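Using the hints, position chain Z against chain A.
Protein chains in written order, with the working numbering: chain A, 6 to 292; chain Z, 398 to 599.
For the record, the hints were derived by calculation from the structure and aren't laboratory data.
Bear in mind the structure is a predicted one, so any value in this text is a computation, not a measurement.
No false leads were mixed into what you were given.
Reference excerpt, derived from the structure (chain A facing chain Z, CB under 7 Å, subset only):
| no. | residue |
| --- | --- |
| 1 | Ser20 |
| 2 | Ala21 |
| 3 | Leu52 |
| 4 | Gly55 |
| 5 | Leu59 |
| 6 | Met65 |
| 7 | Ala67 |
| 8 | Phe71 |
| 9 | Thr72 |
| 10 | Lys75 |
All C-beta atoms, glycine included, are put in the ideal place defined by N, C-alpha and C.
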Amino acid sequence: MTRRAINDQDWEKLSAYLDGELETAQVKILEKQLETNPDIKQALEDLRHGRTLLRSQGKMKAPRNFTLSKQTAGLRQRAGFWLDLPGKLYPVFQFSAAMASFLFLLTFVGNILVARPLSMPSEALERVAAPAPALMEAASPEVEQEAEGFEQPAQPKSLPEEMFTMQEYPYPPPEGVMDGLGGGPVGEAEMPVMEEVPAMPAPLSAQATLEVTETSWDTNLAEPPLAAGAETFSTYPAPDLLAVEEDASPGIGFVSERINPWVLSQLLFGGVAVLAGLALLVLKRYR
Amino acid sequence: MDEAGLIRDAQNNDLDAFNRLVLAYQDMAYTQAYRVLGEQAGAEDAVQEAFLSAFRNMRNFRGGSFRAWLLRIVTNACYDELRRRQRRPTTPLEPLDEDDEELDSAPWMADPGESPEERLQRRELAVALQHCLDRLPDDFRLVVVLVDIQGLDYQEASTAMRKPVGTIKSRLARGRSRMRDCLKGAWELLPTRFRLVEEGIR
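Looking at chain A on its own, in the form it has when it is part of the complex (with noise of 0.2 Å):
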């Protein structure tokens, strides 16, 4: 007779041996330890005896129907749609937010490494690049026309500086635009006071108009006058006569040119990551 303490093997094969799970080849080995074990026997005798006292149990009677109304399946499903709305949303904030950030942070070092500085129109910027002698050839025969119609007077060597101011800033910027310091409205502070302005001097003829133009232009760019009225010289170049009538009549392009697209794409992405954030939020307390 063996005597051995049963371990969980033997457990796994008397309980597969009592459904008849076990293979026949172990069943001969386990008969064997059957006869000669009396431990064994007893262990397989007691799950024999719990399996016997569960199924004495049987099944229960259900203390209630289980059947299902139709009002019952439809509302239960409808109201699963919505409560389940909250958690199928989720993950398409979650990528909307992530990709409106992924793009915003994009567009903003995009603008940092790409776009011009959003103070200075370009057009403007091709006007201080430009050569002078460009421009000159771009007056337009009206300008020219006009001008015949003055005397010409000695021509100054060295004009005033208020002449400077008034030449360099002959026109209100149209209303609304932001042309004054820092991106502001033109105050009384920055706009030119007018009539600090001597009259223009002489009738002059289209030639001298367009060399005093060339000479204010050039002393512009080579000193910034001083003269508290000019002061936004240093962020907006001066335009000459002839720009005066190019960009007060289409003033809406003007505006429409200094809209930055990747301020805009900036302000597109940064709104819908914001907005996803926030939906992110709300949805977290309902999923």
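The following block gives chain Z in isolation, referenced to the frame of chain A:
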């Protein structure tokens, strides 16, 4: 009952066909839920949820044992209920008798054909078994109930629990071993006739 036909109709959203399946299997489902959860209210909730879930997922039934498929849904509902209890533990209210005394088992368990003594013994046995089942780990208890109470074979239990047959074998052996230890410990709880049977074996 043409089970295959009812299943086919239920898969086409025929609620009447599905309800006939419910009537055929509700005792089995309730037994499973009650033995796993150990109390009536939770078992009822689990069974109701299971049948609703089964109706919604009828199209996912791809043939095979409908009983095992349904028991899998009931088992999942029981797991959900067990998880819910772990999050929010509650003390179930025991049903009261005429003298406002707590009953250990619900009155529907009584068989009207039994004598009072037999009824008492049956109730004691049910209490002792449920006591031991409740002390098993959840995974062991589910397998023991599926195989020893519901009478599923290993393959069906494997389908119902979505576990390999080897896992079912192992869990069943351990569960039975612990049940044996528990029943020995609760010897005095066993009804006299079962104690006599046990002593006769010895």
